[in-house]
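Enquirer: Sequence:
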Amino acid sequence: MPPGMEFHHIVPHEGDMDGETEGNEDQPTSPDPPIWPEIVRFFTNPLKPMILALARPDPKKNLATLVEAFGECRPLRELANLTLIMGNRGDVDEMSSTNSSVLLSILKLIDKYDLYGQVAYPKHHKQSDVPDTYRLAAKTKGVFINPAVIEPFGLTLIEAAAYGLPIVATKNGGPVDIHRALDNGLLVDPHDQKSIADALLKLVADKQLWSKCRQNGLKNIYLFSWPEHCKTYLSRIAACKLRQSWWQRSDDGDENSESDSPSDSLRDISLNLKFSLDGEKNEGSGNADSSLEFEDRKIKLENAVLTWSKGFQKGTQKAGVTEKADTNITAGKFPVLRRRKNIIVIAVDFGAISDYSDSIRKIFDAVEKERTEGSIGFILATSFTLSEVHSFLISGGLSPSDFDAFICNSGSDLYYSSLNSEDNPFVVDLYYHSHIEYRWGGEGLRKTLIRWTGSINDKKGENEEQIVTEDEKISTNYCYAFKVRNAGKVPPVKEIRKLMRIQAHRCHVIYCQNGNKINVIPVLASRSQALRYLYLRWGVDLSKMVVFVGESGDTDYEGLLGGIHKSVILKGVCSGPTNQLHANRTYPLSDVLPIDSPNIVQAAEECSSADLRTSLLKLGFIKG
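In the UniProt record's numbering, the protein residues as written are 1 to 624.
No lab work stands behind these hints: they were computed from the structure.
It cannot be assumed that every hint is accurate.
Stated by the list, open to error - Below, in silico cross-link-like pairs of lysine-lysine (DSSO-like), each with a Cα-Cα straight-line distance of 30 Å or less: (1) Lys231 with Lys171; (2) Lys171 with Lys139; (3) Lys341 with Lys571; (4) Lys48 with Lys126; (5) Lys139 with Lys126; (6) Lys571 with Lys544; (7) Lys544 with Lys362; (8) Lys48 with Lys139; (9) Lys60 with Lys498; (10) Lys483 with Lys571; (11) Lys171 with Lys494; (12) Lys171 with Lys219; (13) Lys194 with Lys171; (14) Lys494 with Lys544; (15) Lys123 with Lys139; (16) Lys494 with Lys571; (17) Lys460 with Lys494; (18) Lys212 with Lys202.
To be verified - Cβ pair distances, simulated, as ranges: (19) Ser375 with Gly488: 42 to 50 Å; (20) Gly620 with Lys483: 39 to 47 Å; (21) Gly117 with Pro33: 18 to 26 Å; (22) Val92 with Leu155: 25 to 33 Å; (23) Glu443 with Leu155: 13 to 21 Å; (24) Pro59 with Asp591: 43 to 51 Å; (25) Arg485 with Asp611: 36 to 44 Å; (26) Asp365 with Leu419: 21 to 29 Å; (27) Leu419 with Gln503: 16 to 24 Å; (28) Asp611 with Lys483: 34 to 42 Å; (29) Lys483 with Asp596: 33 to 41 Å; (30) Leu107 with Glu443: 43 to 51 Å; (31) Gly374 with Pro492: 41 to 49 Å; (32) Tyr233 with Gly351: 43 to 51 Å.
Ideal placement from N, C-alpha and C gives every residue a C-beta, glycine not left out.
Start from the sequences, fold in the hints, and give me the full structure.
Expert: Structure follows, in structure tokens:
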């Protein structure tokens, strides 16, 4: 979203250099601003339209290409002058090497094309001179140009439009969005000199087009005002999923209460805007005209926000129906886990999913009483896919309804158990996907990973099998899975992550299942982040959560320890050398985690369900 700007103090210039009205006693002509003679002194014919560029002398700003394009196009030179405002400078020898190099190349081009009397490049200007420079360009019916190789936003383009200047801008970056909104000029390839010259010549020569672009800019400039920015910002927020307002109620019976409604917040915003505007008024209460103008602006802004907030309230009442339809697919309005007093997360990282059976049954037996009462819910957090989990549950004599949620594929997928469907006992949380997809590389990341696997496999011997291969069968939209056949020849996680960052891909690389598999997931996804999401969306109390882990595990293992939740470490489980081959650390766990913390308990090796219950009693998770 673009930032806002203040336009109320800007008055676009009317008239031109040779057609201004003469002053009289009632309206004497004001003296020219100080910057005007500083620029005009460079020109042989100052009445010609002025092409204005305002940027520091940096190679990325592409000013040398602009001068070259101007020098190569004779019709443009005959019709217009060029002004380069390149910051303030003293002695060229005292400038930085980069800036002096750009300035010297521009001076050489001016000499090469004999542009003396046609190009202005004043040495000094004040910040207050910038608006007057825009006015001079508009007065001569000129054009503003930003020829940068790439421009992240392009604030000067908006400023120029506010003063009634048509624009020519690079087609790379923010100017594309500005041009789409204002429709007040032309976009060009910054590397194409002819394209730059042709666009400038077209606007300077065609007075009808120049006037149309000027009027479009002045008409649409409000889109970049602060009130419009606030309206857009609030609209975007309104479209977001409400994450906290419902579950902050004390119980399910208060779900329909109207406290803390979004419209209340919007009225607060309106009130804050009122106070801000009043403060601004007091600062500038110099004359009656400005006060009247200010009062008018203030009333319009307050009314706009209040009107919008009322519309938002109606919209949320309608949206409430959708919310109910979305969540009624599970038992009640919310997932079952929201009604649990305590949650147990089983996040032990076994090499094969069948190995889970013994640990799950021990944990179930340890809290059999609370499980029967329904006060404790269970979440399975694993690197395996949902289909693998489902097959394991069926073969192990367990039911999907034994768990309230399933965090699969190392935290890239989140599912809830459904009591209403025998054919599909799982419900996917699509909002979780929208939560984690930020900066997800998608297909581009997958292709980069394929090239990486190729480079790894090139290192194998003649008779050796592939070291790493893509596992297309179990890969999903948010988890690219790879089989590892020789874990000892695969580089550490940090090297892969570094390689992906160099390629501008942000992601989590996770070695799992005893190093036999690699999951690549979004940077905002992980098993620990999924637990945090359950807190944000459903209000699951993390302080009433216990996470069962092994002695070591996948590369995201440490993220499951620490924090306000409680942890039980199963000694002797997942402690083999293959488990630790691709761990994030080469030092003891006690060096980075307070093992003596009251929130962490280590269960003895080969512990029974009674031992696990003792550990939970020690944590204060259950009562004896």
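Enquirer: Run every hint past the structure and note whether it holds.
Expert: Each hint tested on the structure:
1. Only pairs whose Cα atoms come within 30 Å are accepted, and Lys231 paired with Lys171 is accepted, the gap being roughly 27 Å.
2. Distance hint between Lys171 and Lys139 is fulfilled; the C-alpha atoms sit about 27 Å from each other, no more than 30 Å.
3. For the hint pairing Lys341 with Lys571, the CA-to-CA distance comes to about 27 Å; that is within 30 Å, so the pair holds.
4. Restraint check for Lys48 and Lys126: the C-alpha separation of about 24 Å stays at or below 30 Å, so the hint holds.
5. Straight-line distance between C-alpha atoms of Lys139 and Lys126 comes to about 20 Å, which keeps the hinted pair within the 30 Å bound.
6. As the CA atoms of Lys571 and Lys544 are separated by approximately 23 Å, the hinted pair is consistent with the 30 Å bound.
7. Our distance criterion of 30 Å between C-alpha atoms is met by Lys544 and Lys362, whose separation comes to about 20 Å.
8. Restraint check: the Cα-Cα separation between Lys48 and Lys139 comes to about 10 Å, which is no more than 30 Å; the hinted pair holds.
9. With a C-alpha separation of about 27 Å, the suggested pairing of Lys60 with Lys498 holds against the 30 Å cut-off.
10. As the CA atoms of Lys483 and Lys571 are separated by approximately 28 Å, the hinted pair is consistent with the 30 Å bound.
11. At most 30 Å may separate the alpha-carbon atoms for a hinted pair to count; Lys171 and Lys494 exceed this at roughly 37 Å.
12. For the given pair, Lys171 sits about 22 Å from Lys219 by alpha-carbon distance, which is consistent with the 30 Å threshold.
13. A hinted pair counts as satisfied when its Cα atoms are at most 30 Å apart, and Lys194 with Lys171 qualifies at roughly 15 Å.
14. Of the pairs offered as hints, the one joining Lys494 and Lys544 is violated, with about 33 Å between alpha carbons and a cut-off of 30 Å exceeded.
15. Proximity of Lys123 to Lys139 is assessed by CA-CA distance (about 22 Å); at most 30 Å being required, the pair is judged to hold.
16. As the CA atoms of Lys494 and Lys571 are separated by approximately 27 Å, the hinted pair is consistent with the 30 Å bound.
17. Restraint check: the Cα-Cα separation between Lys460 and Lys494 comes to about 21 Å, which is no more than 30 Å; the hinted pair holds.
18. The suggested pairing of Lys212 with Lys202 holds, with an alpha-carbon distance near 13 Å, which does not exceed 30 Å.
19. Taking 42 to 50 Å as the suggested C-beta distance range, the pair Ser375 and Gly488 conforms, at roughly 46 Å.
20. Look at Gly620 against Lys483: about 43 Å separates their beta carbons, and that is inside 39 to 47 Å.
21. Separation of Gly117 from Pro33 is about 22 Å and conforms to the stated range, judged on CB atoms against 18 to 26 Å.
22. One distance hint, 25 to 33 Å for the beta-carbon pair Val92 and Leu155, holds here, with the actual separation near 28 Å.
23. The hinted window of 13 to 21 Å between Glu443 and Leu155 is violated, with their beta carbons roughly 34 Å apart.
24. Under the hint 43 to 51 Å, the C-beta atoms of Pro59 and Asp591, about 48 Å apart, fit the expected range.
25. For the pair Arg485 and Asp611, the supplied restraint of 36 to 44 Å holds, since their beta-carbon distance comes to about 37 Å.
26. Between Asp365 and Leu419 the C-beta distance comes to about 23 Å, which sits within the given range of 21 to 29 Å.
27. Between Leu419 and Gln503 the CB atoms are about 45 Å apart, so this pair departs from the stated range of 16 to 24 Å.
28. The beta-carbon spacing between Asp611 and Lys483, approximately 36 Å, falls within the hinted interval of 34 to 42 Å.
29. Distance hint check: the CB atoms of Lys483 and Asp596 are about 40 Å apart, consistent with the given range 33 to 41 Å.
30. Restraint check, Leu107 to Glu443: a C-beta distance of roughly 48 Å satisfies the suggested window 43 to 51 Å.
31. Under the hint 41 to 49 Å, the C-beta atoms of Gly374 and Pro492, about 44 Å apart, fit the expected range.
32. About 49 Å separates the C-beta atoms of Tyr233 and Gly351, a value consistent with the hinted range of 43 to 51 Å.
Consistency with the previously given hints fails for numbers 11, 14, 23, 27, ordered from lowest to highest.
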